[in-house]
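Number of protein chains: 2
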Amino acid sequence: MSSEGLVDVVKEAKKASLWLAQVRRLTKDDALRAAAREILLRKEEILRANTIEIANAEELMGKGKITPAIIDRLKLDQYKIGDIAKMIEEVASLDDPVGKPIIAMKLDEGMELFKTTVPFGVIAAIFESRPDALPQIAALCIKAGNAVLLKGGSEAQETNRMLFKIMRQALASKGIPEGAMWLLEGRQVIADLVKMEGLVDLIIPRGSNDFVRFIQDNTRIPVLGHSEGICHIYVDAAYPKRTTEIIVDARVQYPAACNSMKALLLDSRIGPKMVEYIATKLVEKGVVIKGCPKTAEILRAQKIPVMDANESDWSTEYLDLVLPVKIVNGVDEAIAHINRYSSKHTDAILTMDKNVAKHFLRMVDSSSVMLNISTRFADGYRYGIGAEVGISTNKIHARGPVGLEGLVTTKYILLGSGQKVSEYVGKGAKAFIHKRIIGNWESRME
Amino acid sequence: MSSEGLVDVVKEAKKASLWLAQVRRLTKDDALRAAAREILLRKEEILRANTIEIANAEELMGKGKITPAIIDRLKLDQYKIGDIAKMIEEVASLDDPVGKPIIAMKLDEGMELFKTTVPFGVIAAIFESRPDALPQIAALCIKAGNAVLLKGGSEAQETNRMLFKIMRQALASKGIPEGAMWLLEGRQVIADLVKMEGLVDLIIPRGSNDFVRFIQDNTRIPVLGHSEGICHIYVDAAYPKRTTEIIVDARVQYPAACNSMKALLLDSRIGPKMVEYIATKLVEKGVVIKGCPKTAEILRAQKIPVMDANESDWSTEYLDLVLPVKIVNGVDEAIAHINRYSSKHTDAILTMDKNVAKHFLRMVDSSSVMLNISTRFADGYRYGIGAEVGISTNKIHARGPVGLEGLVTTKYILLGSGQKVSEYVGKGAKAFIHKRIIGNWESRME
Numbered sequence: 152m153s154s155e156g157l158v159d160v161v162k163e164a165k166k167a168s169l170w171l172a173q174v175r176r177l178t179k180d181d182a183l184r185a186a187a188r189e190i191l192l193r194k195e196e197i198l199r200a201n202t203i204e205i206a207n208a209e210e211l212m213g214k215g216k217i218t219p220a221i222i223d224r225l226k227l228d229q230y231k232i233g234d235i236a237k238m239i240e241e242v243a244s245l246d247d248p249v250g251k252p253i254i255a256m257k258l259d260e261g262m263e264l265f266k267t268t269v270p271f272g273v274i275a276a277i278f279e280s281r282p283d284a285l286p287q288i289a290a291l292c293i294k295a296g297n298a299v300l301l302k303g304g305s306e307a308q309e310t311n312r313m314l315f316k317i318m319r320q321a322l323a324s325k326g327i328p329e330g331a332m333w334l335l336e337g338r339q340v341i342a343d344l345v346k347m348e349g350l351v352d353l354i355i356p357r358g359s360n361d362f363v364r365f366i367q368d369n370t371r372i373p374v375l376g377h378s379e380g381i382c383h384i385y386v387d388a389a390y391p392k393r394t395t396e397i398i399v400d401a402r403v404q405y406p407a408a409c410n411s412m413k414a415l416l417l418d419s420r421i422g423p424k425m426v427e428y429i430a431t432k433l434v435e436k437g438v439v440i441k442g443c444p445k446t447a448e449i450l451r452a453q454k455i456p457v458m459d460a461n462e463s464d465w466s467t468e469y470l471d472l473v474l475p476v477k478i479v480n481g482v483d484e485a486i487a488h489i490n491r492y493s494s495k496h497t498d499a500i501l502t503m504d505k506n507v508a509k510h511f512l513r514m515v516d517s518s519s520v521m522l523n524i525s526t527r528f529a530d531g532y533r534y535g536i537g538a539e540v541g542i543s544t545n546k547i548h549a550r551g552p553v554g555l556e557g558l559v560t561t562k563y564i565l566l567g568s569g570q571k572v573s574e575y576v577g578k579g580a581k582a583f584i585h586k587r588i589i590g591n592w593e594s595r596m597e
Numbered sequence: 152m153s154s155e156g157l158v159d160v161v162k163e164a165k166k167a168s169l170w171l172a173q174v175r176r177l178t179k180d181d182a183l184r185a186a187a188r189e190i191l192l193r194k195e196e197i198l199r200a201n202t203i204e205i206a207n208a209e210e211l212m213g214k215g216k217i218t219p220a221i222i223d224r225l226k227l228d229q230y231k232i233g234d235i236a237k238m239i240e241e242v243a244s245l246d247d248p249v250g251k252p253i254i255a256m257k258l259d260e261g262m263e264l265f266k267t268t269v270p271f272g273v274i275a276a277i278f279e280s281r282p283d284a285l286p287q288i289a290a291l292c293i294k295a296g297n298a299v300l301l302k303g304g305s306e307a308q309e310t311n312r313m314l315f316k317i318m319r320q321a322l323a324s325k326g327i328p329e330g331a332m333w334l335l336e337g338r339q340v341i342a343d344l345v346k347m348e349g350l351v352d353l354i355i356p357r358g359s360n361d362f363v364r365f366i367q368d369n370t371r372i373p374v375l376g377h378s379e380g381i382c383h384i385y386v387d388a389a390y391p392k393r394t395t396e397i398i399v400d401a402r403v404q405y406p407a408a409c410n411s412m413k414a415l416l417l418d419s420r421i422g423p424k425m426v427e428y429i430a431t432k433l434v435e436k437g438v439v440i441k442g443c444p445k446t447a448e449i450l451r452a453q454k455i456p457v458m459d460a461n462e463s464d465w466s467t468e469y470l471d472l473v474l475p476v477k478i479v480n481g482v483d484e485a486i487a488h489i490n491r492y493s494s495k496h497t498d499a500i501l502t503m504d505k506n507v508a509k510h511f512l513r514m515v516d517s518s519s520v521m522l523n524i525s526t527r528f529a530d531g532y533r534y535g536i537g538a539e540v541g542i543s544t545n546k547i548h549a550r551g552p553v554g555l556e557g558l559v560t561t562k563y564i565l566l567g568s569g570q571k572v573s574e575y576v577g578k579g580a581k582a583f584i585h586k587r588i589i590g591n592w593e594s595r596m597e
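Chains as they are written, first to last, in my numbering: chain A, 152 to 597; chain B, 152 to 597.
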């Protein structure tokens, strides 16, 4: 798509977004349910498109351009299509994030102030090659009253085109304008999108750290995303078996997940036997341990395999079975290490001591802090906030797992009856009342 | 201050901020009240410092480097010092923005999730030369549990130093660490600050549009601020006298304010007589009208002074008595004009027609939208949210007038009892409960 063509598309999306912002919940939910139904009904078409995709991918794999893992991820079957339809229905069932009252206040007689949630407008989402990414992001954006520009990976092009076509038609059949949803293709699109400040209201990049970082560094449009997941577990003192199981879960269950444990801190008072026990269980699962000098000494004495950790290991996000391990003296050293090296995604403490736990949970400056549980629980679905747009390590706007609430902003609405500021300043100025009231601005206009 | 010196300061501030994050409300409020008392008690010292300042400024004025308006703004007297003390006490009386429960949910037996507000950490504020700016920003930041780096204008250096010294001593006397508050001086400091991603958590720039824009363009640290206030009033149809009074108030009462009306849209159906009447009243107040062709034609026919508006007038923020005026056909043309040219700060409609009003309030994509009232009401104090950090035209984080709620972020706290994610996936997986509960995480730890 040419840059000019893209500007036209974004303007159309903006127009649709203003319309969508004032649509009632029922219309949006009906449209999403229709999309879910159509995806089920037209699953043969989707599977055919996916078959072409897989054939193309296998050809690329023959040329060494694609790994078998990517092909696995691209592949759809009827069960996965069923899951996609179910996910869209779940989004339809979520509370409407738009129009939530935040402030309702009488400022003076005949002067009422309201603050309410409103959609962002136009959201550009750039996402990885997973066939459920497009319907998930599109459903969440539409539910939150936004128009959405969808840019998926070229490997998933055929399937994305088909899913997009079916969803857009289904939404349109229930009155959602076609301009509310666009599929973008081609690499140039990203370079153009990041420049569209004032037209695009939010960018959601998903993918590698480097990619997210690239987007953040090259745009003035707000970005919702996280670049790294350097998550820690600090073991203060807890039952050996449960502690070790949690550690193994956090490192091994899904090594490449952003919320998996990337470094382990062991308090020196747990003693060498416990260090050996934990290490043995990790090594059994194929984990390569990179130890600080003390850890390395303890493990080498017992002939447990260990490499020497160097400074850069503490700030590296290992997405495979590698684990830097450090022995620290006390919770404060652990907190200092985490606040220095953590990507502020998720960090956990394992302890039976409530005071130590409290101190850790308060002092660690991360989006999720946890007690006696695996870091892998940091996730929108597990947190019960519904489908997840992503996990934010930003401190502004949404922080941590982000659901629908991250796709809306707020707006003040002031209803007056002819007041001038000059009546409220200087001698004999009128005073404000500032009294909380009940209700929303629209009910005042009936 | 050298760049290395600044890094040390910011690290000290970070340390203090972690401590401050867990301080109870009473400590913070006591400390702020002590600061207010000390400012009153030591007013002679403050006035002496201010006298030196004014003498320096008058010397610069002699050299043409400073305007009389700046000297007026710099000048303190005992009443203004009284207002500063009162403002700090008011901040002490506000609700604590830290520790507010946002989510409390049982995910499963022995697994509870909480989301709560927490301070940002270290806030860097760069502000204009008004003697109340430093105590206001410092009080708000400390109340919200943040350490604050204060950088004022060099013209206000003497007064700022004295206010800073008194506040810091008073806060320290009530147990707030000295590291929580720093005064920075010198131009180089700004260039260094914007690079301190990961150390500084939020930048609040106040000042000219160009300055705010410069900060936004040169940092990856979140910025809370607004650059422009191109605010509109659209007159659909309303009583001539009240309408005109609101228009005059919005343009004339404080022309340089960010929330003053910068362009006026008149619906064609209000008729030429009304256009003439509004224009006459504005001209009487010294306003220079720049009219669209239709406006110019109507006014010239009656010999009312008018200049021709050109395209750039619609996107220019006139901070003096200049007013571009355009005649539009219907509310949709007004909405389209505003969504195109507004800086999305504050836009108002004057009308008696509730349906037209509703449509306007919904469709205009600005941080404050208003009905039958002057745009000048867009202000934290008038909105009843307490002292104002600034007005944000960002859509992420805080939008509109920003008080204490803009100085905190959120954190998830997950309290587990040994759970692993592997128990919740695959065959025989445990299910989540996701049930809202009452309480906060700290009460669970007692």
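Simulated from the structure, these hints should not be mistaken for laboratory data.
The model shown is predicted, which means the values in this text are computed figures rather than measured ones.
Hints are supplied without guarantee of correctness; some may be wrong.
If several chains are the same, the list does not tell them apart, and a pair holds so long as it fits within one copy or across any two.
Here are the computed lysine-lysine pairs in the DSS-like style, where the Cα-Cα straight-line distance is at most 27 Å [to be verified]:
(1) Lys165 - Lys454
(2) Lys578 - Lys392
(3) Lys237 - Lys257
(4) Lys302 - Lys257
(5) Lys251 - Lys237
(6) Lys586 - Lys237
(7) Lys581 - Lys214
(8) Lys454 - Lys325
(9) Lys166 - Lys578
(10) Lys581 - Lys194
(11) Lys505 - Lys165
(12) Lys165 - Lys586
(13) Lys251 - Lys586
(14) Lys226 - Lys346
(15) Lys237 - Lys194
(16) Lys257 - Lys166
(17) Lys509 - Lys251
(18) Lys162 - Lys509
Hint check against the structure, violated hint numbers in rising order
1, 4, 7, 8, 9, 10, 12, 14, 16
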